[in-house]
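Protein chains: 4
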Amino acid sequence: MSAIVFLIQCKDQKGLLAGISSFFAERGFNILHCQQYTDVEQGQYFMRLKLEDHGDMPRATLEQEFAAFASQLKLVWSVRYTNVPYRVALLVTKASHCPYDLLLRELEGELKCDIPLIIGNHADLESMAKQFNKPFYHLPITPETKQAQEQQIKNLLAEYQIDLVVMARYMQILSEQFVEEFRGRVINIHHGFLPAFQGAKPYHQAYERGVKLIGATAHYATAELDEGPIIEQDVERVMHDNSPEDLVMIGKDIERLVLARAVKAHIEHRIIISGRRTIVFSEGA
Amino acid sequence: MSAIVFLIQCKDQKGLLAGISSFFAERGFNILHCQQYTDVEQGQYFMRLKLEDHGDMPRATLEQEFAAFASQLKLVWSVRYTNVPYRVALLVTKASHCPYDLLLRELEGELKCDIPLIIGNHADLESMAKQFNKPFYHLPITPETKQAQEQQIKNLLAEYQIDLVVMARYMQILSEQFVEEFRGRVINIHHGFLPAFQGAKPYHQAYERGVKLIGATAHYATAELDEGPIIEQDVERVMHDNSPEDLVMIGKDIERLVLARAVKAHIEHRIIISGRRTIVFSEGA
Amino acid sequence: MSAIVFLIQCKDQKGLLAGISSFFAERGFNILHCQQYTDVEQGQYFMRLKLEDHGDMPRATLEQEFAAFASQLKLVWSVRYTNVPYRVALLVTKASHCPYDLLLRELEGELKCDIPLIIGNHADLESMAKQFNKPFYHLPITPETKQAQEQQIKNLLAEYQIDLVVMARYMQILSEQFVEEFRGRVINIHHGFLPAFQGAKPYHQAYERGVKLIGATAHYATAELDEGPIIEQDVERVMHDNSPEDLVMIGKDIERLVLARAVKAHIEHRIIISGRRTIVFSEGA
Amino acid sequence: MSAIVFLIQCKDQKGLLAGISSFFAERGFNILHCQQYTDVEQGQYFMRLKLEDHGDMPRATLEQEFAAFASQLKLVWSVRYTNVPYRVALLVTKASHCPYDLLLRELEGELKCDIPLIIGNHADLESMAKQFNKPFYHLPITPETKQAQEQQIKNLLAEYQIDLVVMARYMQILSEQFVEEFRGRVINIHHGFLPAFQGAKPYHQAYERGVKLIGATAHYATAELDEGPIIEQDVERVMHDNSPEDLVMIGKDIERLVLARAVKAHIEHRIIISGRRTIVFSEGA
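Residue numbers (numbering that gives the first Met the number 0), protein chains in the order written: chain H, 0 to 284; chain P, 0 to 284; chain R, 0 to 284; chain F, 0 to 284.
Okay, chain H solo, but in the shape it has when bound:
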């Protein structure tokens, strides 16, 4: 059975739930799941609606009618159909742990998406791509070619009709123009510590500072480096007798898990971005 998922946000106002749910009830849609959230601080309303697709109404008609309805209430909205999987591109450099994990989860059916291509600024992970029968594009980058390389990436994203770009330990900073064009459609992962460490060799710094937790954060890429809306975070406990190399290894496991959860939330159409925050509706829905 296919389902239809709406994500909606607007200024909070009376009667929203009744109004929106009536819209779908009148058209014979069974609501499988409805989650809503009101940000009282900001006066904003958020909703995720999952409908059973009865198939009696063409999708274009549904979208047209909802657009008309939404414009009255000033709803910002988007819709996805669960039988149309997200198309996801992986950007990689040399580290394989994150892209491997995502490829495995696609294969295992844990991530219900298509990953039709992998793009690397180094060629190291070409064999990994081959293992999974994925086309691999090696697009090296130098200060001089950065702009041209990004254009090549954009061309590939267009050619492969990509919905979501995952920076799976892609050790390059995308240009402001790129992240603006793909706002809310580029996910990045980076390590995270308490306290935070600037500069090189952060795991070494964390060791020298004797931190007891190391973590990772997945967020949408924005022009401010590592400052985009947070999607998911997690930490793992470490001990004084863990070497800096242990910390790196433990960090890899957290990065894998946090990135996979963030991608899963996105491709299940469970995330609404609101300013610097994300609303991530629970996965049960």
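It is possible that some hints are incorrect.
For identical chains, the list gives no copy identity; a pair is met inside one copy or between any two copies.
To be verified - Capping the alpha-carbon separation at 16 Å, the derived lysine to aspartate or glutamate pairs in EDC-like fashion look like this:
#, residue 1, residue 2
1, Lys-133, Asp-123
2, Lys-153, Glu-175
3, Lys-153, Glu-207
4, Lys-111, Glu-244
5, Lys-93, Glu-125
6, Lys-13, Glu-51
7, Lys-13, Asp-52
8, Lys-153, Glu-180
9, Lys-133, Glu-105
10, Lys-13, Glu-175
11, Lys-93, Glu-107
12, Lys-111, Glu-64
13, Lys-13, Glu-25
14, Lys-263, Asp-245
15, Lys-153, Glu-179
16, Lys-263, Glu-244
17, Lys-263, Glu-223
18, Lys-145, Glu-223
19, Lys-111, Asp-52
20, Lys-73, Asp-11
Derived by calculation from the structure, the hints in this document are not laboratory data. Keep in mind it's a predicted model, so treat the numbers as computed, not measured.
Given the coordinates of chain H, work out where chains P, R and F should sit on it, guided by the hints.
Only chains P, R and F this time, still in chain H's reference frame:
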């Protein structure tokens, strides 16, 4: 600002969300938060609605009108008003860690309830009650007096108009008749291990078995001992070098936390019991 | 730099630490790490010693001299050299999440071992083996061929000089004779719940019971099914709105992680089995 | 049975374990537990030794003989006797959750120390002190009286023979002179976020930034604010629908737990400070 919280369950059917939300919209109530869940396996629908109390409609009227509406749709429902705090009785024996924790959280405002009395089958915790200026009733129990003692408890619960009974490490089994009469209104806490251990000294058994996790489960009391609907569970990691005494101590921290979370969910009117399961709506609401 | 790792256990007695550490100091070995643990309940002493291999003493000589020393103190001991990696065989059926994870970790260098072969009682995972360039042996099993099939497995383990067998979701019960012969050298993984569930479809049962945590346990295989010494356990929190399918998926992630940690502890020679318990020395060492 | 606990650190060198353990073996001491750790990066060696106190040697003699032995090997060391509990002073302001928790744990026997006095720069927690029959000293502070107030605190610490000062949400910055004088003997607790937030209302900032984890860090106080050696850290998961007030409440639970664990590690003489790091030996010992 006071709020009104409805908990609703019924057979799943089309139009529920639109119908229920319209009922309140028509009466001018602003919906602050709505959570719903459909148990697809059982075909059951569950909802928690939090309304702003505009004060224009007497509570008796609202309840009467909703009762009429609910009977048409065969809704099972209950309502609470956030300015009427739950009244909670603590049943205790000798262990002080759980009741102390609950009393502190009441004092700190973390549990927005009233704890007007403490009942112990031993007198050991009378001083604790005194520390918090609570009346303490010492109702000892022997095989012969068990029935009479339970009657005394019931009289006290009635006298103090108690909504919820918390067995805060009360080392007695309540009679089947008692738990039936207070079905869904008695919360118990017990340790939990993987694998489970029967019989005495469970922490010692867990040590001998070399478990790596110890845990606790809070559940509603039912006639089947420790088998009632689970409200909350948690575990803590232990090591081979933790002694059985360490395990007991670690276990106390988990019991405290798990019981406090379960009581918090209940007094915030966030739990619906469905057969052997509970639906625990998230605390943010 | 290569290191030498001793695991030692014996009846607790005075002077053990001084005696053992002097043995190595007299032979010019620098002790990189020493962990010890006394099980006061059982009066047993456990030690893990990691020595810098100065290379001035042939390994055979060291082992001979230590054997003589150990027999006086009635030490039970074993030794491994970090430049001789464990050789690990994977037993699989159809589920790929655990074997995939182990193969990836070998590739990534997170598990410093060799996995020279994969044995499946079904042929489903042959392609996975091919992806990683590993020989795959398809040894189907029927009630009639069970004994013969186990003999084939044993032959392969001998041929490939296997140190450790990992049942990576191998859905067969090894014979008592097999697990006795490979006592302490077969690791198994299974799901774990609070409370435990018997019989088929445990995740479904867990859903119906409304558990809030699901987990996994890795243990050494023994003749009593799922009752061998526990190596590692973990849990993940679940919610009422997670479907049975969600629980299965979440369970896969825990199984992966728990099994990988157990294998890592074994191949780093950090585990001593003592009756039904394991002593798992910390990974930092 | 009483035990003797040595904490030792020195430059790493051959024969340390053999030498030190022989010292005690020769004097008839049974080693109950020995933990050691080598910081390979820094070339530093750390040891915690727990001896059974056979009572045949006066403590002064033992300490004298060990001092002579230690000076040869350039060991930095300290010793505690488990039958001489640490004496702990609480510094408080208005927030009661941390001091309450510590007082309860003393009462429950979870923290085996004596808390003979509470010092507050506000009088709000006098009633809490009374509940636990503890003397309470109200020492208000103004920019003008800061120095004099610290002198009063020092006088009280001397009078009550205090070993450890716990800043249990004491909202004052101790002077550089004070923390130097009590280096390694003042524990502080503060919230911690990923990313970190400067300035006022950190929980509000965390909400606005949509963090998914909030945490706390316990550390030794040093002249650099919140930058002392970390003892313990933990986090709790939060959701988009948790209000800033929820975050504060969840933060209180973490602060309580993290501070209690840090104090427990200190009074069990399990912590060695090494530059900006701490070595925290495991609690099982």
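- Check Lys-133 against Glu-105 for me: Cα-Cα at most 16 Å, and say if that holds within a copy, between copies, both or neither. within (12 Å within a copy, 22 Å between copies)
- Item | Status of Asp-52 relative to Lys-13 across identical chains (alpha carbons, at most 16 Å) | between (28 Å within a copy, 13 Å between copies)
- Message: Regarding Lys-153 and Glu-179, is the shortest C-alpha distance of 16 Å or less found within a copy, between copies, in both, or in neither?
- Response: For Lys-153 and Glu-179, the Cα distance is within 16 Å only inside one copy (13 Å; across copies 58 Å).
- Message: Within a copy, between copies, both or neither: which one fits Lys-263 and Glu-223 at a CA-CA cutoff of 16 Å?
- Response: The answer is neither: 24 Å in one copy and 39 Å across copies each exceed 16 Å.
- 16 Å Cα threshold - placement of Asp-11 relative to Lys-73: within (10 Å within a copy, 31 Å between copies)
- Item | Status of Glu-244 relative to Lys-111 across identical chains (alpha carbons, at most 16 Å) | Between copies, since 13 Å is at most 16 Å while 34 Å is not.
- Up to 16 Å between alpha-carbons, please classify Lys-111 paired with Asp-52: within, between, both or neither. Neither: 18 Å inside a chain and 43 Å across chains, both beyond 16 Å.
- Query: Is it within, between, both or neither when you check Lys-93 against Glu-125 at 16 Å Cα-Cα?
  - Reply: Within one copy only: 10 Å inside a chain, 28 Å across chains, cut-off 16 Å.
- Query: How would you classify Lys-263 and Glu-244 at a CA-CA limit of 16 Å: within, between, both, or neither?
  - Reply: between (29 Å within a copy, 15 Å between copies)
- Query: Using 16 Å as the alpha-carbon threshold, which applies to Lys-13 and Glu-51: within, between, both, or neither?
  - Reply: Between copies only: 11 Å across, 26 Å inside.
- Between the shortest in-copy and the shortest cross-copy C-alpha distance, which are at most 16 Å for Lys-111 and Glu-64: within, between, both, or neither? Close neither inside one copy (29 Å) nor across copies (45 Å); limit 16 Å.
- Homomeric proximity label, Lys-13 with Glu-25: Cα distance no greater than 16 Å: between (20 Å within a copy, 10 Å between copies)
In the structure shown, a violation is registered for the earlier hints numbered 3, 10, 12, 17, 18, 19, in ascending order.
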